[in-house]
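Once you've looked at the hints, go ahead and assemble the two chains, each given alone in its own frame, into the complex.
So you can see what is in the structure, the chains are spelled out below.
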Amino acid sequence: MGRRYMLLSGSSDRVRIAILDDHPVITLGVAAYLRSQPDFDIVHTETTSEALLHKLASQPCDVAVVDFYLPRQAWDGVDFIRRLRRRHPKLIIITFSAGAPAETEYAAFRAGANGYLPKSASMPMLVEIIRAACGQYLDKFITYKNGALRTTPPAHPDTRLTAAEIEVLRQIAQGLSVTQIAARLLRSKKTISTHKRRAMKKLNLSDDLALALYLNEKFDQKTGP
Amino acid sequence: MPHLDALLPLYPDPAIRRALLEQALAQIHADLADMRQAIHADHHADARQYVHRAKGTASFLGGSDSLPAFDQLTAALKAQHRAHIELAFAAVEAVLLQLAAKLQTQLDKLHHTAGEQA
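Quick mapping for you: the protein sequence lines, in order, are chains A and B.
Position 120 of the first sequence, counted from 1, bears residue number 120 in the numbering used here, the numbering being contiguous throughout.
Start counting at 1 in the second sequence, then tack on 1000, and there's your number in the numbering used here.
The shape of chain B in the complex, shown without the other chains (with noise of 0.2 Å):
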């Protein structure tokens, strides 16, 4: 999938493209509390499960460059290796909050032309 400043065109609909924004921002910070928890207690295969659905929300939003850490994280898992998790997480955890922080710029940007056009 193209990345968010390719993407973003195909949706011109403000609100259509809100809706999308608002839901990728929750589902980011959801996928994350989720995965955090399940990491921290041990739950690996739940963990597994979060990481993929994150991965999904990463590859629509935000291209491909950023997917090998949600696979080292996996891989992690997997293995149930608890230093290359907390690792992986850690790159994994930058890469969510590196693209939220996007989906963010971009939802203030219709905030803003929404209010100046009222």
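Pulled out of the complex, with its shape left as it was, chain A reads as follows (with noise of 0.2 Å):
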């Protein structure tokens, strides 16, 4: 197997490992899982997205695994995916999402994560998925498809609407309100009010209580974990 992640880490020909989940369970079991790898180093294991950013600042890593769905978070998602690619432009970012792969995965690609796979993979793949992203697919976004990981690119999932208008319509369906989106996604209301009312106009939604039914029925059931 290709060692070109020996490039991202230096000298060194070990895997600086971050794990962000904001289930403590799945945090040690993940990185439990993962110290078994004899090249493996897991340097950071949070369940917040704003102490993994902080402990990055002072400990650089070469791969984060990282959920998508953080709720009541300071970021989580597209953002929180931004943010790391801004701050740590050479991160290998994976997410790891029980969300649904035809929403998340493509929201992830777009925002610039390096790969995607679905907590119902085995954790064995969570490992593949590692070593390829490090390895022989640095340069591709992979994903996990019927047991296998592939580099196609994620479709779009619905072609109506803008990434950045998914992203707003998945805040809003996680309760949150115009002033607190803007706030989180440091944009203006004005900004996040348009790509609401775009949203609306493009999906046919006349009022708040018919956005409110869509997202209760694309994004509801599939927020978990």
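Keep in mind the hints are simulated off the structure, nothing from the lab.
Everything hinted at is true.
Cut-off 20 Å, straight-line C-alpha distance, at most; resulting in silico cross-link-like pairs (EDC-like, lysine to aspartate or glutamate):
hint	chain 1	residue 1	chain 2	residue 2
1	B	K1078	A	D207
2	A	K189	A	D208
3	B	K1078	B	D1034
4	A	K90	A	D41
5	B	K1078	A	D208
6	A	K189	A	E165
So the derived list for chain A, only partly shown, Cβ under 7 Å to chain B, looks like this:
hint	residue
7	H23
8	L28
9	M123
All residues carry an ideal CB built from backbone N, CA and C; glycine is no exception.
Right, dumping it as structure tokens:
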């Protein structure tokens, strides 16, 4: 297997890994399993996005395995991946999520992640995607389909909406107000309102009740762990 | 994630396995207590957060079969429908207690093995 990730870690052939999941049991379980790999160093195991950013600032890593949905945290989803990417341009970001792949995978791809693995995949597959992202598929977006890794870029889940509009709707579905979303995404309230209004127009949703029903259908059962 | 029987062999070191089982058990009981308290106080947003956390533990250790119970409780909390919340919470509670019992069995096995080896 290629060892291109040697370049990422300087002279070391070890892979420094950070793990973020708001479920402490998953964080522990993933870290314990990855730690059993002879060339992996688990440097950070965090349950909040804020703590991970803070830790990475003082001790960088080669790979970050990050949960996508982190409700009631300062940052999650697309917003968090973009922040990570801005602050750590060379970091390999693997999104590890139980969200609906159709939405989450594309959103992660657009935000700058290097790969997406559903939590329904096995733990050995997590090791495989980390190795693939550090090695032979360093410059590709890696996904998981039918039990195997692939490098086909994910398709847009809803061609009617832009990535920004989907992200605003996802945050509304989490119960956030326009003001809260604006603060989270560092955008003006006007911009967020515009995304919301345009999305509603494209989806033929006439009012907030219709929007609530749409969000319920689209996001309600799919935001879990 | 695989079920407990498939997951635990991934942690052959008894100390690590024990730590995982103990943390999971503690988390399940903490989440159940927090959920119960939040529901009784009608703090539905807090309750949803605890449901989300408990669902993560259940999906990691117990597989996906039980997850609809968590989604139903989340939906009931969103709708703020008291009768549905109570019913859905009872289902989630049953799932978590069943999972806790399985974890406890595995922990007892570990203790038993350790006792035999001592």
